[in-house]
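Make the full structure from the sequences, and use the hints.
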Amino acid sequence: MSSFIGQIGRYAILQTAALGQTFLFLLSAFVWACRPPTRFRLIVHHIRTIGVESLSVVILSGVFTGMVMGLQGYYSLRKFNAENFLGSAVALGILRELGPVLSAFMVTGRTGSAMAAELASMKVTEQIDALYSMAINPIQYLVSPRVIAGLISMPLLTAIFDVVAIYGAYVVGVQLLGVSSGSYFAGMELSVVFKDVLSGFLKSVSFGLIITWICCYKGFNAQPMATGVGQATTESVVLCFVMILVWNYFMTSVML
Amino acid sequence: MIRVVDLQKSFGGQQVLKGINLELETGKITTIIGGSGSGKTVLLKHLNALLRPDRGSVWVDGTDIVKLGERALNEIRRKFGVLFQGAALLDSMTLYENVAFPLREKTRLKEPEIEKKVESSLAQVDLSGMGYKYPAEVSGGMKKRAGLARALVTEPEIILFDEPTTGLDPLLGKSIHQLIRKLHNEFKFTGVIVSHDIPEVFKISDRIAMLANGVIVEAGTTEEFMASQDPLVRQFLQADTEGPLAVL
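Residue numbers (the working numbering), protein chains in the order written: chain U, -13 to 242; chain S, 2 to 249.
You can take every hint at face value.
DEER-style ranges, computed between Cβ atoms:
1. U:-12 / S:243: 42 to 52 angstroms
2. S:201 / U:21: 39 to 49 angstroms
3. S:117 / U:16: 32 to 42 angstroms
Short, incomplete list of chain U residues facing chain S, as computed with Cβ under 10 angstroms:
4. 23
5. 115
6. 116
7. 117
8. 119
9. 121
10. 122
11. 123
Here are a few chain S residues that sit away from chain U, every Cβ distance over 10 angstroms (derived from the structure):
12. 69
13. 141
14. 179
15. 238
Since the hints were derived computationally from the structure, they do not count as laboratory data.
Glycine included, C-beta positions come from ideal geometry on N, C-alpha and C.
Here it is, written out as structure tokens:
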């Protein structure tokens, strides 16, 4: 019995230490971001890989998410003769929840996994050691620019997702199912307030941080062996999805 | 001069280095030999503080680098060049960019000067005109040579070579050894080579040390080492599976 309790204690200590290391990793990424030299070109490069290269998948998922919301919203609201509220329902759902969460999922799958794999591969092939040996801090060179790029790219991608999703719902609800265009936009205008937009914006910024933080941490701390790359990639994607959902609930409950 | 004093290092409860004492003379090439998994690379990575020991010290030109913070350590690291086992070239950059990288990051040289130095370094390792290629597009030997060019380009006082010929055919291995010797004659750096490519590596070494069972069992000039009667050294040199040295 005492050995079982001991094992639980050891596990708890290890997990707490790992959590502490994760936060220290993030802290050092911010500290190194503030120190010269400013890695402006690297930040722009990572904005391209996180933002621009995720654009197509975000637009595609946004359009279809909007279209299915248009269909489902119309189907549900028609039962109460409330089809005119379709614009309002779609906009609130997209702006507050689906926009930030689904675009974060897309970025995790598209870029986060690649980020974790790239850094893990650099670890396995001693490229990170090579940076240390050249007196270049790898956190400053590899992690800080990615975190900053994530913070900048994620809200922009979410905004694009929101716009195309609302348009997707418009196409299905108004063009195909005959909801009045005026009531679609008027409902939206009446129900959406600044707080809804702010909530989506803050969520997307925090998701950008979560994705780059977790994926960089997992890649950076991969086991130095071939299987370490795959393991780091899988763990980072799963952890990102879980963290995004948990953090989303927390933020929703705070910002309602 | 690099001096290693009572260096100890464990990984997950397994003690790899059990108290290493070793002196690496300035301007000489010292080769550390030992069986696979004996801790040679672990020892090498302590010399420029890529790994921190559990106990002991590493003195580089009179400074114990184990006690140094990040900033002071970076100053010491500028004295070093490292050729990693797999060359560790940054895959997102061309060979030219890889060689130029430490100059762009750590010096205030203008681009024309950088270009001159990089072209010269690439020429020294017979890679003239190959700078536009990415590491994935070249052979293992070319990667090693590009790694050597990167290690040399900042004209470091000390160069660490981690198994420079592993994975190369004998001819290519010999050419890398000859290149190291040629560059050493030219630049007079302090070289530390980790290798089990014997006896080939002896031809370019001034001194040899052997690591076994977590300690240095023999160290001396190449001639002294070859004449050693230590049973571990004899067994290793004769590649004898019977003897005090554990063979897996």
